[in-house]
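Participant: Residue numbers (the working numbering), protein chains in the order written: chain A, 1 to 190; chain B, 1 to 190; chain C, 1 to 250.
Please note that the accuracy of each hint is not assured.
[Claimed, not checked] Below, computed lysine-lysine pairings styled on DSS-like, alpha-carbon distance capped at 30 Å:
id, chain 1, residue 1, chain 2, residue 2
1, B, Lys80, A, Lys50
2, C, Lys239, A, Lys143
3, A, Lys22, A, Lys80
4, B, Lys50, B, Lys80
5, B, Lys50, A, Lys50
6, B, Lys80, A, Lys22
7, B, Lys50, B, Lys22
8, C, Lys239, C, Lys222
9, A, Lys50, A, Lys22
10, B, Lys182, A, Lys50
11, A, Lys80, B, Lys143
12, A, Lys50, A, Lys80
13, A, Lys80, C, Lys113
14, C, Lys240, C, Lys222
15, A, Lys22, B, Lys22
16, B, Lys22, A, Lys143
17, A, Lys143, A, Lys22
18, B, Lys80, B, Lys22
19, B, Lys143, B, Lys80
[What the hints assert, rightly or not] Output of the computed footprint for chain B on chain A, the stretches with three or more beta carbons under 8 Å from beta carbons of chain B:
id, segment
20, 24-36
21, 97-107
Think of the hints as simulated: they come from the structure by calculation, not from any bench. Where a beta carbon is used, it is the ideal one built from N, C-alpha and C, also for glycine.
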Amino acid sequence: MSDLSRTVESLLFLAPQPVSVKDLAEAAQATEGQVEEAIELLREDLAEGKRGVVLREVGGGFGLASDPASEEAARRLLAKPRTPPLTQAQAETLAIVAYLQPVTRPEIARIRGVTSESAVASLAERGLIEESGRSQFGAAIFKTSELFERLFGLSGLDQLPDPSRFDPSPEDERDLRERLLKAGEQRAEP
Amino acid sequence: MSDLSRTVESLLFLAPQPVSVKDLAEAAQATEGQVEEAIELLREDLAEGKRGVVLREVGGGFGLASDPASEEAARRLLAKPRTPPLTQAQAETLAIVAYLQPVTRPEIARIRGVTSESAVASLAERGLIEESGRSQFGAAIFKTSELFERLFGLSGLDQLPDPSRFDPSPEDERDLRERLLKAGEQRAEP
Amino acid sequence: MAVADLDLDLDLDVFAGPFDLLMAVVLREEISLLDLQLGEVVVAYVEHLEREGELELEVATEFLVLIAALLELKSRLMLPSPEEELDELKPEEAVEELLARMLEYRRYRDAAKVLADRFESQRGYLYRSAPLPPELRRVAVEAATAVYDPDALGAALGDLLTEPPDVDISHIRPTVSLERRLRALRDVLRSRSSFDFDEEFGNEDRLTQAVTVFGLLELYRKGEITWEQDRAFGPIRVKKAIPDAIHKQG
Chain A
1 MSDLSRTVES LLFLAPQPVS VKDLAEAAQA TEGQVEEAIE LLREDLAEGK RGVVLREVGG
61 GFGLASDPAS EEAARRLLAK PRTPPLTQAQ AETLAIVAYL QPVTRPEIAR IRGVTSESAV
121 ASLAERGLIE ESGRSQFGAA IFKTSELFER LFGLSGLDQL PDPSRFDPSP EDERDLRERL
181 LKAGEQRAEP
Chain B
1 MSDLSRTVES LLFLAPQPVS VKDLAEAAQA TEGQVEEAIE LLREDLAEGK RGVVLREVGG
61 GFGLASDPAS EEAARRLLAK PRTPPLTQAQ AETLAIVAYL QPVTRPEIAR IRGVTSESAV
121 ASLAERGLIE ESGRSQFGAA IFKTSELFER LFGLSGLDQL PDPSRFDPSP EDERDLRERL
181 LKAGEQRAEP
Chain C
1 MAVADLDLDL DLDVFAGPFD LLMAVVLREE ISLLDLQLGE VVVAYVEHLE REGELELEVA
61 TEFLVLIAAL LELKSRLMLP SPEEELDELK PEEAVEELLA RMLEYRRYRD AAKVLADRFE
121 SQRGYLYRSA PLPPELRRVA VEAATAVYDP DALGAALGDL LTEPPDVDIS HIRPTVSLER
181 RLRALRDVLR SRSSFDFDEE FGNEDRLTQA VTVFGLLELY RKGEITWEQD RAFGPIRVKK
241 AIPDAIHKQG
């Protein structure tokens, strides 16, 4: 292992947040290219299944995480219960914030068709979304947090699945339209 | 590397404090003998000079530490406080700790009316608050740090804005605590 | 599964028949949205859920989106903007509007599924959360300069000291239970055989009043009361039903 790889591993071990290549280069007094090479070496050593720690590219930088295989043992040791999965309302609200950010609460409500106060509050409490100012009408504006990217294993928001894959197929759309209209025609029949 | 060595490495990576062989064995559901063997393997891999992280035996337990060779780089990266704007949840949590310290986590949750895990965690991570022991019921107790006073430009806790500015003004600290709890309970009422 | 498949029969003032038919006739403007009490549709839906005893989540959310879309269209009809003529919403336009809303919602519902799965698959990775070693912490404190305003803490504490006004939380987390409103109604009826709704409950907040009206519907259904209202928005006179008409005491 090169000296620079060792330094980078040290820094990632100590840093409470993922660190960008740029910051790593500044701290290690190396070029970004050199840091990228060092990370490549680390990536091999810390590939999934090799050690108890894995290298992850998340939240706009690099970070170390424990191997998922030891999750249960870790929760026993740290007395940290598993966080509950996202509820349907939370997942929908999070999807809207993730794709439309920055987005206001009324807009979330408009899309979901129901007020989403409690989903917004619990996502904020979990640290997955955060307020980032107010709209001109005073509504709170939300965006996803750095923690969101970390917990979802995303190196950046551009790693979210392409939204076009959620476009309804023309068949679905036609089907829905026809069903709405067909019901009306039934009435026209005697 | 054996599965158990990987698990032990995971556990030492995550634990903020050194962990005893006994606790490691319980968490990993292995015998102490097996854990000692696993640690022997780790000791070779994580000997000084090999990686960015070294295995240390301290105070009756084992822990990981960063390689001392990277201290200068770590100082450049980490020895400047991170000071992003406080979110509402963080400001509220910090205000509770600042005015009522020492204060337990459940008390913070009762006053805010919501669990405050993520706000407490990020304030602790940034070094604004720190754990100062446990209550008789085992809850973590928090107080503000020296860094907190520096970042708020306070020469002491008596320099906090006087709560008597609020109307009706609380008479003393006990009164303040009671009134905060009362308002919190009303917020949390289903 | 779509809302159009929802097996919900309606018996409303202006319409009797299945829900999907109602949607269609509204879209074809055979019934004006202005005449349709959307609240009744919701009540019918809730009763339908009670009968079925199980909540088909997907249908329920689509139903809500649909009702919300109808409410928006209706409020647009009721409150035309000054420069705009009362908008004649053509059936095709209404279909397109509703479709657009439903499709938009579906898109995020599907994205939500992907995100929830991803959250699940990533939960095994745990990150370290430990204080910096003492030598680094010391430097951090020494390098710190004042960046935060202590008044922000004072303001946050002030917010926390403020006891929330009742009305405010009621729309965030409804605190009015139908059961308690039923009890309140029966309490009044124990001492009097009739009362005026506004005199009795006019001072309650809007949510409490609304739930009390639901309570009236429930008591009416059980045959415990009848009521009179001469004109829309006029006073409501609630009367205890004559005892032998009570066939089922709740």
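Participant: Would you mind marking each hint as holding or not holding in the structure?
Facilitator: Tested hints:
A C-alpha spacing of about 34 Å is found between Lys80/B and Lys50/A, which places the hinted pair above 30 Å, so the restraint is violated. The suggested pairing of Lys239/C with Lys143/A is violated, with an alpha-carbon distance near 53 Å, which exceeds 30 Å. A threshold of 30 Å between alpha carbons decides the hint, and for Lys22/A with Lys80/A the separation of about 34 Å lies outside it, so the pair is violated. A threshold of 30 Å between alpha carbons decides the hint, and for Lys50/B with Lys80/B the separation of about 28 Å falls inside it, so the pair holds.
This hinted pair checks out: Lys50/B and Lys50/A have alpha carbons roughly 16 Å apart, not beyond 30 Å. Restraint check for Lys80/B and Lys22/A: the C-alpha separation of about 16 Å stays at or below 30 Å, so the hint holds. Restraint check for Lys50/B and Lys22/B: satisfied, since their Cα atoms lie roughly 27 Å apart, inside the 30 Å limit. Between the alpha carbons of Lys239/C and Lys222/C the distance comes to roughly 14 Å, so the proposed pair stays at or under 30 Å and holds.
Taking the CA atoms of Lys50/A and Lys22/A, the gap is about 27 Å. The hint holds against a cut of 30 Å. Restraint check for Lys182/B and Lys50/A: the C-alpha separation of about 53 Å exceeds 30 Å, so the hint is violated. With a C-alpha separation of about 22 Å, the suggested pair Lys80/A and Lys143/B falls inside the 30 Å cut-off, and the hint holds. With a C-alpha separation of about 25 Å, the suggested pair Lys50/A and Lys80/A falls inside the 30 Å cut-off, and the hint holds.
The suggested pairing of Lys80/A with Lys113/C holds, with an alpha-carbon distance near 26 Å, which does not exceed 30 Å. A hinted pair counts as satisfied when its Cα atoms are at most 30 Å apart, and Lys240/C with Lys222/C qualifies at roughly 12 Å. Taken as a hint, the Lys22/A and Lys22/B pair is broken in the structure, with Cα atoms around 41 Å apart against an allowance of 30 Å. Distance restraint check for Lys22/B and Lys143/A: the Cα-Cα separation of roughly 44 Å exceeds the 30 Å cut-off, and the hinted pair is therefore not satisfied.
In summary, the hint linking Lys143/A to Lys22/A is supported, as the alpha carbons are separated by about 24 Å, within the 30 Å threshold. For the suggested pair Lys80/B and Lys22/B, the alpha carbons sit about 37 Å apart, so the restraint of at most 30 Å is broken. Proposed proximity of Lys143/B and Lys80/B is supported: the alpha carbons are some 21 Å apart, at most 30 Å. Counting residues of the segment 24-36 of chain A whose C-beta lies closer than 8 Å to any C-beta of chain B gives 5; at least three are required, and the coverage claim holds.
For a cut-off of 8 Å, the count of residues in the segment 97-107 of chain A with a CB near a CB of chain B stands at 0, and the three-residue condition is violated.
Comparing the model with each earlier hint shows violations of hints 1, 2, 3, 10, 15, 16, 18 and 21; every other hint is respected.
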